[in-house]
Amino acid sequence: MSMELRSRILEELHSLILIDPHTHISALAPASTTLADILGYHYYTELAHSAGMPREQIEDPSITPREKVRRLIENLEPLDNTVQYGWFVEICQALFGFAEDRITSENWEPLYDRAVELMAQDNWAQQVLNKSQLQAVFLTNDFDDPLEGFDTATYIPCLRTDDLVFHLAQAEVRERLERATDSSVTDLASLRAAVTNRFDHFTNRGARACAISLPPDFSPHRISDGRAEHALDALLSAGPDVDPSSSQAVAQSVFWILAEHCDAYQLPFDLMIGVNRNVYEAGVFQGQDLYDSRVSLIQYGDLFNAFPRVTFPISVLASVTNQELTSYSWIFPNVVTHGHWWYSNTPTYIEHDAAARLEAVPRTKQIGYYSDMYKLEFALPKFNMYKRILAKILSERFVIDRGWTEERAVALGRQVLRGNVESVFQMPSYDEPA
Amino acid sequence: MSMELRSRILEELHSLILIDPHTHISALAPASTTLADILGYHYYTELAHSAGMPREQIEDPSITPREKVRRLIENLEPLDNTVQYGWFVEICQALFGFAEDRITSENWEPLYDRAVELMAQDNWAQQVLNKSQLQAVFLTNDFDDPLEGFDTATYIPCLRTDDLVFHLAQAEVRERLERATDSSVTDLASLRAAVTNRFDHFTNRGARACAISLPPDFSPHRISDGRAEHALDALLSAGPDVDPSSSQAVAQSVFWILAEHCDAYQLPFDLMIGVNRNVYEAGVFQGQDLYDSRVSLIQYGDLFNAFPRVTFPISVLASVTNQELTSYSWIFPNVVTHGHWWYSNTPTYIEHDAAARLEAVPRTKQIGYYSDMYKLEFALPKFNMYKRILAKILSERFVIDRGWTEERAVALGRQVLRGNVESVFQMPSYDEPA
Amino acid sequence: MSMELRSRILEELHSLILIDPHTHISALAPASTTLADILGYHYYTELAHSAGMPREQIEDPSITPREKVRRLIENLEPLDNTVQYGWFVEICQALFGFAEDRITSENWEPLYDRAVELMAQDNWAQQVLNKSQLQAVFLTNDFDDPLEGFDTATYIPCLRTDDLVFHLAQAEVRERLERATDSSVTDLASLRAAVTNRFDHFTNRGARACAISLPPDFSPHRISDGRAEHALDALLSAGPDVDPSSSQAVAQSVFWILAEHCDAYQLPFDLMIGVNRNVYEAGVFQGQDLYDSRVSLIQYGDLFNAFPRVTFPISVLASVTNQELTSYSWIFPNVVTHGHWWYSNTPTYIEHDAAARLEAVPRTKQIGYYSDMYKLEFALPKFNMYKRILAKILSERFVIDRGWTEERAVALGRQVLRGNVESVFQMPSYDEPA
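Chains as they are written, first to last, in my numbering: chain A, 1 to 434; chain B, 1 to 434; chain C, 1 to 434.
One thing to keep in mind: the hints can contain errors.
[Claimed, not checked] Here are a few chain A residues that face chain C, going by a calculated C-beta distance under 7 Å: (1) His42; (2) Ala51; (3) Glu74; (4) Pro78; (5) Leu79; (6) Asn81; (7) Asp292; (8) Ser293; (9) Arg294; (10) Ile298; (11) Ser319; (12) Thr348.
[What the hints assert, rightly or not] Have a look at the derived ranges for each label pair, beta carbon to beta carbon: (13) A:Glu56 with C:Ser184: 51 to 59 Å; (14) A:Glu56 with C:His167: 36 to 44 Å; (15) C:Asp225 with A:Glu148: 33 to 41 Å; (16) B:Ser245 with C:Leu28: 40 to 48 Å.
It is worth saying that the hints were derived from the structure and are not from the lab. Ideal Cβ placement from N, Cα and C applies to all residues, glycine included.
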């Protein structure tokens with residue numbers, strides 16, 4: 001009974017047309033051109049490296065995409081248990097007609113060739129979007145992205161602000177900001193003006209969110225203009241040699257200025273909380289970051305209180321922080337749960353975390369999932385993973401445990417998968433297929 | 001098989017007559033008089049506010065109960081997924097004969113009227129107790145409660161001590177203490193005498209526990225009388241302007257004096273660990289508190305060691321603290337697990353936490369559940385929620401996974417639901433129905 | 001369907017011959033001689049004590065083993081719900097032909113006598129190994145263990161180093177080290193030489209790992225030789241009165257020297273992270289330790305980076321640390337997940353933690369389980385507990401949720417139970433039964 005129920009609910013979820021509210025897609029090259037783009041995703045390179053493959057073999061600049069794929073395929077066997085490997089197989093099956101359940105040294109070449117052939121088709125990106133039931137995806141754009149040359153109805157700009165908050169001491173970052181805004185940052189006023197310039201630029205081109213990832217020890221507070229001015233002076237003269245106290249004060253100040261702009265521009269501020277960068281120094285590209293799970297949302301209490309009109313869709317890196325996220329979303333009108341991020345994006349943690357949210361946070365305040373993908377092909381298996389878990393939770397915990405009708409359970413699933421993306425990010429509403 | 005087994009076990013659990021070991025019931029007004037008392041519970045006001053309803057609309061002092069209910073009903077739809085909403089529907093169905101599964105703007109008025117009519121009956125409180133299979137409930141009494149005008153066999157006094165430990169700097173608290181004890185607090189000796197007076201008062205009127213809620217950074221330690229005397233002096237002269245160090249020393253001192261009295265009077269000391277007050281400053285009444293889950297029971301090691309004869313029934317606010325509670329109860333003879341508190345009182349967390357306790361803590365040292373309710377009507381849906389989860393755990397993890405008989409599983413359920421409330425709080429034993 | 005699937009997978013797991021990669025077995029007295037050896041395990045004495053049995057009754061030096069068992073049996077009823085009690089019953093059923101499901105004051109004596117009789121047989125230890133499907137077990141040897149008088153192919157030495165790192169201030173520890181190495185520790189050079197001596201001794205006798213348990217606040221870092229030398233001087237002159245800063249510096253220094261030796265000798269370094277010793281001061285023998293779950297593997301970042309060629313099989317005491325362990329193993333090539341330790345070795349936590357690892361860590365980097373036992377009889381029920389949970393996870397989360405074949409699921413189980421013990425600890429490979 002339970003399995004059939006779960007299947008029926010899953011089928012309903014599969015019929016939805018979705019908007020992916022957080023990705024790292026490049027709008028100018030959204031889809032892959034070879035399997036190397038797929039297997040170059042850090043999940044595969046870091047897991048293969050963790051299982052013993054030397055970084056030099058993976059990141060050898062002299063090899064062709066085909067050779068890179070050959071090498072990686074030879075090193076995937078030790079990780080063929082992982083759900084990440086499962087995404088790869090599902091991509092190959094659903095998008096390239098692959099019929100087996102493992103990709104090996106024996107069977108990869110025809111697959112590689114078939115993928116190259118399909119990916120070379122003119123409308124491949126659109127084909128992938130269609131097969132993935134995706135209407136649009138949010139981007140993650142550097143503050144100096146020109147946001148030109150693509151359809152912003154399908155590829156929705158989102159202002160990523162890590163560089164401004166944490167790396168303003170780097171001359172290169174300030175130079176990029178100066179080029180983008182056509183003015184220099186010399187004091188707090190010109191810094192504010194530069195931020196305003198970027199919010200104008202982004203919102204004029206349809207940006208629907210401002211976003212940032214934050215380390216576990218960050219705790220935003222308003223600091224005085226005097227203190228901020230003084231710290232900014234120190235940072236502008238010392239650059240990367242700035243004292244940590246001034247560096248932190250500038251980070252606090254820029255972060256607060258961003259929140260003020262989100263308020264003024266009515267833009268949700270996506271907070272992705274908990275990552276420590278470069279923990280594994282010898283790791284592969286994008287495979288060096290980890291975390292300290294000793295973080296609390298109480299660090300953000302001042303922020304949530306200070307900006308009641310700003311919506312904060314929040315992602316947490318560790319599942320142990322999920323109950324706090326659930327509770328803070330249940331209490332603070334401006335806090336919204338946002339997907340299952342990175343190290344928490346595996347089935348056991350998704351199941352535990354999503355179940356807790358679905359039963360305690362108002363259904364209007366939960367964004368079920370985003371793919372976080374770099375290439376369009378990944379939305380399909382990642383959303384499918386989430387939908388299967390969602391169908392399991394809805395069938396077992398809502399229909400069976402709480403006596404809900406299937407219709408009501410499916411409606412809840414539809415809302416967290418689709419409806420809330422529209423309402424939280426103030427998207428134009430969409431007519432669902434009849 | 002599994003669902004029928006679960007149902008059979010649940011049916012046995014439903015037949016039990018229970019004592020609710022922690023509530024906020026007012027013995028002089030234990031039940032509701034209108035649905036406004038039900039929907040005025042902070043779970044509904046804070047969730048409705050979180051989902052967008054302005055606080056001013058909720059807490060408008062000029063409106064009637066009927067209008068308050070009308071307004072809230074109009075704002076419950078966004079939270080009709082929550083288990084808290086489920087409690088409301090179950091109350092309406094079980095106590096007021098409501099036949100639908102959602103309360104809406106269309107169907108609430110007859111329900112409201114029917115509830116008013118029933119609640120106006122002379123013996124409504126007793127009817128609710130009977131329908132809820134409740135024999136008695138523990139209260140949460142201010143230290144200056146006269147404890148008069150009610151039957152202490154049904155409404156069992158419990159001395160709540162937050163004010164004494166954390167708010168003694170407020171003149172109003174000290175004045176209440178002076179009025180209640182007919183003497184002034186001028187030094188440590190008179191403070192001790194005042195506490196003794198209150199323990200005499202409460203135990204003479206049948207109190208079965210002393211209780212307190214504690215912030216995550218509290219860590220009790222014995223401090224010297226000299227230090228305590230000095231700090232108390234500072235607090236008595238400065239009042240609310242007392243320096244934090246003296247304020248903390250007084251809190252430590254009063255807490256330790258309370259533990260000494262629990263020892264002398266053989267009263268269990270309920271510790272409710274982990275709440276931060278007033279985190280969301282603009283929240284509705286009782287909807288402003290949250291927490292920092294970075295807390296450890298090692299903070300209480302000195303206390304548990306110092307008072308081996310005091311039983312400490314412990315509630316933790318965050319599910320991530322539950323494994324520590326399980327382990328500390330498994331090791332310390334005087335530590336007992338106590339219910340599923342507040343933000344952990346939702347099915348996913350209850351299931352994970354209760355399962356861990358049931359398999360690793362001696363069965364004599366677990367108090368399964370308390371309602372924490374303010375009005376009697378809430379015991380029914382809350383205990384039903386817990387019983388359903390308990391039946392699920394007992395059927396899946398004990399009968400199926402561990403090969404237990406159903407009888408043995410039911411006996412374990414009975415003990416954590418009823419037997420241990422009697423033994424831990426030294427209640428007179430009760431003859432169960434044949 | 002699901003239960004039959006689970007049973008079939010479990011049957012396959014039961015057929016495996018295993019190596020237990022962490023125990024406290026004494027190679028010279030590996031098995032029990034009476035039931036007092038079984039019930040003397042701290043799990044029973046501490047739970048009986050927690051449930052009310054005075055320590056003096058348990059640890060009375062004047063009583064016979066039979067009397068000790070009689071007393072404990074009389075006090076086990078309050079804990080007969082625990083999984084630990086379940087292990088005892090399973091031992092009695094599987095090894096002594098006991099036919100009931102609870103051991104009581106009425107039925108224990110024939111069981112006691114039967115056990116004595118069987119345990120007295122010449123080859124009892126080997127019988128237990130055979131019935132438990134165990135080929136070999138790892139030991140936990142003090143650094144001055146002569147490692148003589150036993151077959152190191154069955155009882156595999158492992159160098160335990162807590163004393164060297166944390167207790168070098170005790171004269172007795174230094175004296176043991178001097179006796180074992182035939183030389184004195186007077187400075188950093190002689191300390192290094194003593195460690196080298198012990199690594200030679202242990203590896204010459206087949207040691208396969210170095211191991212240590214660590215408190216939650218330990219965070220290893222390389223310190224300069226100058227600082228280490230200075231601190232060691234202080235410790236050697238002051239002994240137990242050494243200042244905490246010097247004591248910590250010596251601990252850091254010795255720990256780092258051990259890691260250097262693991263590197264040089266190609267020995268895995270088992271880290272067991274998170275225990276606080278002597279929290280419950282009045283507890284029974286080995287029943288005094290607890291923990292603070294606020295620990296992070298980021299504390300070990302420097303270590304993992306500094307020793308890329310050393311494999312670190314890591315056990316964490318708290319389930320809330322398991323996601324970090326999963327993530328760090330997924331990123332760091334030299335970090336391996338290792339079993340389910342102590343307070344996390346109960347079904348609910350094993351299930352949650354093992355499921356998370358199996359789906360996100362390369363399958364070559366997970367050691368599923370070790371028994372941690374002091375007497376051979378405990379491997380059987382403990383491994384059976386783990387295998388049942390593993391079969392549940394593999395059937396529900398891999399075959400059902402992810403569409404795996406049963407064969408593939410069983411192969412994953414085999415690898416984490418057996419194959420990885422061989423590969424991680426570089427054991428000679430073993431021919432499985434056809």
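Hint check:
| no. | hint | result |
| --- | --- | --- |
| 1 | His42 | violated (10 Å) |
| 2 | Ala51 | holds (4 Å) |
| 3 | Glu74 | violated (14 Å) |
| 4 | Pro78 | holds (4 Å) |
| 5 | Leu79 | holds (4 Å) |
| 6 | Asn81 | holds (4 Å) |
| 7 | Asp292 | holds (4 Å) |
| 8 | Ser293 | holds (6 Å) |
| 9 | Arg294 | holds (6 Å) |
| 10 | Ile298 | violated (14 Å) |
| 11 | Ser319 | holds (5 Å) |
| 12 | Thr348 | holds (4 Å) |
| 13 | A:Glu56 with C:Ser184: 51 to 59 Å | violated (46 Å) |
| 14 | A:Glu56 with C:His167: 36 to 44 Å | holds (43 Å) |
| 15 | C:Asp225 with A:Glu148: 33 to 41 Å | violated (58 Å) |
| 16 | B:Ser245 with C:Leu28: 40 to 48 Å | violated (57 Å) |
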